[in-house]
Amino acid sequence: MAAAGLLGAVATLASRRLLCAPPGAARGRAAVLGPARRFGASARAWRSSEDKVTVHFINRDGDKLTAEGKIGDSLLDVVVDSNLDIDGFGACEGTLACSTCHLIFEDQIFKKLDAVTDEEMDMLDLAYGLTETSRLGCQICLKKFMNNMTVRVPEAVADVRQSIDMSKNS
Amino acid sequence: MLQLWPKGRAFVIVKAAGLACHVGRKISSFKRPLSTSERVPRICIVGSGPAGFYTAQHLLKHHKLARVDIYEKLPVPFGLVRFGVAPDHPEVKNVINTFTQTAQSDRCSYYGNVTVGKDVTVEELQQAYHAVVLSYGAEDNRILGIPGENLSGVYSARAFVGWYNGLPENRDLKPDLSSKTVLVLGQGNVALDVARILLTPLDLLRKTDITEGSLAAIASSKVKRVWLVGRRGPLQVAFTIKELREMVNLPGARPILDPADFAGLRDAIKDVPRPRKRLTELMIKTALEKPGEKEAKIWASATREWGLKFLRSPLEILPTADGKRARGIRMAVTRLEGSGESATAVPTGEVEELECGLILSSIGYRSLPLGSSVPFDRKHGIIPNHLGRVQGVPGLYCSGWVKRGPTGVIITTMNDSFDTAQSVLEDLQAGMLNVSNTKEGFESVRSILQSRGVHPVSFSDWEKIDAAEVARGQLAGKPREKIVDPQEMLQLIGH
Chain A
2 MAAAGLLGAV ATLASRRLLC APPGAARGRA AVLGPARRFG ASARAWRSSE
52 DKVTVHFINR DGDKLTAEGK IGDSLLDVVV DSNLDIDGFG ACEGTLACST
102 CHLIFEDQIF KKLDAVTDEE MDMLDLAYGL TETSRLGCQI CLKKFMNNMT
152 VRVPEAVADV RQSIDMSKNS
Chain B
965 MLQLWPKGRA FVIVKAAGLA CHVGRKISSF KRPLSTSERV PRICIVGSGP
1015 AGFYTAQHLL KHHKLARVDI YEKLPVPFGL VRFGVAPDHP EVKNVINTFT
1065 QTAQSDRCSY YGNVTVGKDV TVEELQQAYH AVVLSYGAED NRILGIPGEN
1115 LSGVYSARAF VGWYNGLPEN RDLKPDLSSK TVLVLGQGNV ALDVARILLT
1165 PLDLLRKTDI TEGSLAAIAS SKVKRVWLVG RRGPLQVAFT IKELREMVNL
1215 PGARPILDPA DFAGLRDAIK DVPRPRKRLT ELMIKTALEK PGEKEAKIWA
1265 SATREWGLKF LRSPLEILPT ADGKRARGIR MAVTRLEGSG ESATAVPTGE
1315 VEELECGLIL SSIGYRSLPL GSSVPFDRKH GIIPNHLGRV QGVPGLYCSG
1365 WVKRGPTGVI ITTMNDSFDT AQSVLEDLQA GMLNVSNTKE GFESVRSILQ
1415 SRGVHPVSFS DWEKIDAAEV ARGQLAGKPR EKIVDPQEML QLIGH
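So the protein lines, in turn, are chains A and B. Sequential numbering of the first sequence, starting at 2, is according to my numbering. Sequential numbering of the second sequence, starting at 965, is according to my numbering.
Some hints here could point you the wrong way.
[Stated by the list, open to error] To give an idea of the chain A side of the interface with chain B (calculated C-beta under 10 angstroms), a few residues:
{"no.": "1", "residue": "Gly95"}
{"no.": "2", "residue": "Leu114"}
{"no.": "3", "residue": "Met122"}
{"no.": "4", "residue": "Asp126"}
{"no.": "5", "residue": "Tyr129"}
If you're looking for bench data, these hints aren't it; they were derived computationally from the structure. Ideal Cβ placement from N, Cα and C applies to all residues, glycine included.
Excised from the complex, chain A in its bound form (with noise of 0.2 angstroms):
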């Protein structure tokens, strides 16, 4: 597994949109795993909190989660340096070949939002529960006035379902 996952992984950083580092800022990502359960070896070094952003999250089941990220980062950096639990988020790992980590965001948000280039659209295009105010959530960077944001992860399938979760302890 190594030599693949490394080798997919040097790939994946070398053709993977590096859009919000701030210059001059380290931004390794090693060994990038997959989505939602991925384990990035990169350390962080310590901000003030003038630096952090804090999301939530409302996943399909109607779950809050919370996050916190730095400014710069991606949205699907935050879901995945968290680890949070929502299904199947960024199968690409963030070089826009799939929409999986689209989400759905707050009107008075979306409009601050940087454009969307046709790119990210081209694959916008093909996410399921499109609305008005979607968008990629590898494509969004941190800024400080989405302190405390809500974004909503939408409905994967047309048959909505009471999901079964048996991994927690009774």
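Following the hints, position chain B against chain A.
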């Protein structure tokens, strides 16, 4: 908060003062002792492509005890991610990373080189497991059903894709690439893939994981022009905008779109949903507008061409004088009845002939029935099911293309697989799968396979094959050099 324990390694997540930092270290394999009173659901999944792996992933995540075994007929895993996704689309293959994690997790095992239906039957699997999920996809293709279909020079796009992607059964395809003009029947993403692989500059192709053999054949190809032919019109194309954009921007190639095909289309798409609208707008722009500076440069110096032909339905593939090879195609000129996705193509009575020596039929993949114990809907090419539960067979489920039909991208299959996993979890919770009835899982199957002389390939065996492919690829400046001979794979792992 940890969902899965990867074999042989522990990852400790430490949260300190608002930081998250991940530390990995190797420890010996973590085994959880099972008391005899614990009811461990044992689930078997047939097929190790995206459907199989996403179903497994969802089950393992949402059930703390369930053990999942994934069976695969080839020695190597990942199905169409390895054998279907085009060599120049490596990002789409990133899902392999998450599948690898799943395969390596404690409650998951991979058994390659086991053909369900031959080496072990579905009934035998149902004896050994509480639930069996069929995720074996669509290994065949739809047939044109016209004269001349079996002439030399006519191939299914499925076989062609298998050939350049190293699918063992297609390794000896030896397609004849001496024809200047290629006709691809079909206007989906697979049709665009094969056109693009035929027309991409060689120095781009040689850096991908396309097989050595097919690269050599493409290097001496005479192909200069590829037509994608559809029965219906521009508003019914099945390919998606990212792939079309890629084609429009292909270095060294120029699009040939007939402006007449796009007349009046702008009005027709005014109220159409955004994805279809943008896709059509891109075609219209490419066909009718003057190209931008960048495109103009590429198109001016292009040595290769691709185009779209609409409203043409194949009637007959015409043979050479000796009757052995394809030399052209006769097509009915059609017109549309109705509009939008449900428009149908109706023959006008007019007929057209085109000369070409290579025809690729890209009209869809097709699933095959597994055996008499598994119901199969031949008309739709799927296993009849409701929410992934196979009709009339308790304990049997299906996910992916064999459940839904062979369309959609990986996310479609992911959602579908999660949905089937949900059905299994519901049935477990409702007591419909009798987990108190202990099942042995692979322990029962092992002896069956042994008696039939079948040696399963483990995931760590695959990792050896993987490492060998990557090492060979490095020598050639490629991500990997795929091994295309299953015997070579087995020899490599000492089987």
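Against the structure, the hints:
no., hint, result
1, Gly95, "holds (9 angstroms)"
2, Leu114, "violated (17 angstroms)"
3, Met122, "holds (7 angstroms)"
4, Asp126, "holds (4 angstroms)"
5, Tyr129, "holds (7 angstroms)"
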